[in-house]
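Number of protein chains: 2
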Amino acid sequence: MYDCPQRGFGIITFLLKYHPKGYVMRLSRYFLPVLKENPSEAQIVSHRLMLRAGMIKQAAAGIYSWLPMGFKVLRKLENIVHEEQARAGHIAIQMPILQSADLWRESGRYDDYGQEMLRMQDRHGRDMLFTPTAEELVTDIFRGHVSSYKDLPLTLYQIQWKFRDEIRPRFGVMRGREFYMKDGYNFDLTKEDALHSYNRHLVSYLRTYERMGLQAIPMRADSGPIGGDDTHEFLVLADTGESEVFYDSAVTDLTFGDRDIDYDNREQCQAILEEFTSKYARTDETHDEVLFNKIPEERRRVARGIEVGQIFYFGTKYSEPLGATVQGPDGKPVPVHMGSHGIGVSRLIGAIIEASHDDKGIIWPEGVTPFHCGIVNLKQGDEEADAACAKIYKALTALGLEPLYDDRNERAGGKFATMDLIGLPWRITVGPRGLKNGVVELTSRRTGESEELSPEAAVIKIAEIYEDIA
Amino acid sequence: MYDCPQRGFGIITFLLKYHPKGYVMRLSRYFLPVLKENPSEAQIVSHRLMLRAGMIKQAAAGIYSWLPMGFKVLRKLENIVHEEQARAGHIAIQMPILQSADLWRESGRYDDYGQEMLRMQDRHGRDMLFTPTAEELVTDIFRGHVSSYKDLPLTLYQIQWKFRDEIRPRFGVMRGREFYMKDGYNFDLTKEDALHSYNRHLVSYLRTYERMGLQAIPMRADSGPIGGDDTHEFLVLADTGESEVFYDSAVTDLTFGDRDIDYDNREQCQAILEEFTSKYARTDETHDEVLFNKIPEERRRVARGIEVGQIFYFGTKYSEPLGATVQGPDGKPVPVHMGSHGIGVSRLIGAIIEASHDDKGIIWPEGVTPFHCGIVNLKQGDEEADAACAKIYKALTALGLEPLYDDRNERAGGKFATMDLIGLPWRITVGPRGLKNGVVELTSRRTGESEELSPEAAVIKIAEIYEDIA
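In order, the protein sequences belong to chains U and S. Going by full-length UniProt numbering, the residue at position 352 of the first sequence is 352; the numbering climbs one at a time, nothing skipped. Going by full-length UniProt numbering, the residue at position 309 of the second sequence is 309; the numbering climbs one at a time, nothing skipped.
Pulled out of the complex, with its shape left as it was, chain U reads as follows (with noise of 0.2 Å):
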């Protein structure tokens, strides 16, 4: 590599530019409307603490707006969605809300979604619907230009606003209406090749959950709609969960850490694939008994999930009723193989909320966290007070890092539990009896600890914790 690196791209000019001013925030300039009550609406706590935390408002039944602690942190998992897909090779597009009926009656699959897909008519008439999933826009773009077997494989891939119809829409964003989601579709030669390409999603999805704190389990499930031979459901262990879930306790002591993948690597890919499924882990969906028995009985689970994901092989159940062909190596053409795969990126949220939790509101873990670190002013007005909080403000800011100010007039009461509620995992508290002594007070919002220091080593701290993560 050349040895050119530091030329001009001094690290603070680029961060700065990165994270342009107004992307960190005073909280007396920002809108985070939290609620001092419990709204009666929520039934479960992610519910309640989004609501309370002013991070969602509900605009119809299953409907949200995301307030603007809400989208940040939207934005954060959609971007960890975004690195750990291109890090598998996947290639992001984006297709449109609104999709022809045509294709999906080339599917068959127009009268099979039944009342979950909304439908409606444009003004000339012609039908329309809502994508509640995208596998024959998909095909047709594929059929469409792809012709040869030597522009595979293939793994085209959006995160987009989706729509299904609940008759009964309740949990706040876990069960909404109007939802975010990933989709991606691989295309293949053949079986051996789509395996491949299953195991390579297995594999990202794993990193991808891990580094938003969570533990989301694969678990073989039932096709439902989109049909096929293989699937595995990742689901997070929460008694809100929707699926009753049976597992051999074994499977919780895996972790996927910081490995070095090559998604290429096809036995590297199938052995990770084996160390996590090959454990009974089953969705009631699929459970077997007399498997499940076979477990010692220690280690025998009864628990309830939310699904965060699924993957599928479905072979040629798309690409022969749609024609996406190619031409193989003997010059004959051949339906492709493919499976689909997606995340729920808006539901991820309140998976994160049950999974990370106490009674005092969200703890975010480091990863998803909407902000990195909050600065809490105890004295509002005091001179030293507010310059060394603006002063731990710019540093953090200039290292990249976004910190929430609370330069609000309140007691420390009130800030104090508005930081608790809205979770940020650090806390640096600074007042003017601290400062007398040179320091303030860094908390963790998890265990609750907390430890005085200089300003400068607190911020030094904070930069360390995000090192390897922000």
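It should be emphasised that the hints constitute simulated quantities derived from the structure, not laboratory data. No incorrect hints appear here.
Identical chains share a label here; the pair holds if one copy fits it or two copies do between them.
27 Å max Cα-Cα, derived DSS-like pairs, lysine-lysine:
1. Lys332 - Lys36
2. Lys391 - Lys150
3. Lys436 - Lys379
4. Lys379 - Lys360
5. Lys360 - Lys76
6. Lys36 - Lys360
7. Lys394 - Lys436
We have chain U; now place chain S onto it with these hints.
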């Protein structure tokens, strides 16, 4: 500022994390379905070039899928808009795509909007619509959460897919039905405050368009169905524009440049508004022949323009019917003064191409190019050429830049034609003959000029070009 920025945040590590492997691309693994023939359905050059360069594919009339390179440009524009809105102190939210008809009945626009609004019923028979704009919904968010003048000023914005059922969609993404738009809404206590918000938007838009390599001229316009007193449209001059425009040629001499803006400074923002709007510049809707004829004859211009944004001040038009009031300083409720402000993000891609192309293809401005630099290997399979390309690719990547490496087994002519068509501003050409003399060729897409220099020097030059842009 504390002296800690170097601790741990090695720039290379950081940049590689920000642009993980895979964000950058080798063409043999990318999906860039370029067309050799001119598509017959495209009437204007931007539509033609977007189809030929494999950026979009029509899914239905006026509805497009964004293929990988198109989506990449769309994301770049989106990020520029986010950065400039953040700089102006505006706060990002995300409102849903489907809205309930009830709110639109409250404002009285449900019946007014006519056939351009796409309406539907959900499974329970409730009237819904695909959002064409969001004055009602954002006002509902405001009235639900803000009650005191102390929480003003507030500007919320989103970038979201919209739908308008154009009777004759055409010109590709320039006049599509489903389009990606930034829409922002300011809430202020007084008319004077709201006019400062108006000015702040004008300033931030000038800066936004210039970063995209566009000259967009603010012109006095008609307020149309949004309503209100003050409004400016931003127009990019192009023969294919739909609006006839009349202006003093002196306006095209104005550039925003690298000004240091304090968006809280009313005088500064007002002065910029005056600088950019005091010369005559109007669309046909507000054109005044008498005023126009007062311009010295040699400076009078009649031309065509593409509308890429519009700002409005409309006072209490929505806050009154929807009851969006705050408690004023005297304790009495007052309806807030509002405006709304839009940028047509997807349409901008068409406008940029209309303004920047030649007969070989697109010429991307550096600020929005999907890849910073192309790498053309003249002899794929030649050991030295392959190694040199890999080294250049790695060095650019390590600098946080995104090269597109044409590593296909194709003739040089075909590779050059593709690079010219897709319009990357810079190309590094690597071949065995040059390498024998220790040089590669660096070519500017805009001027066509080439220079020979060492691979190291070529990488440094690309880095310097993007130093203030990437």
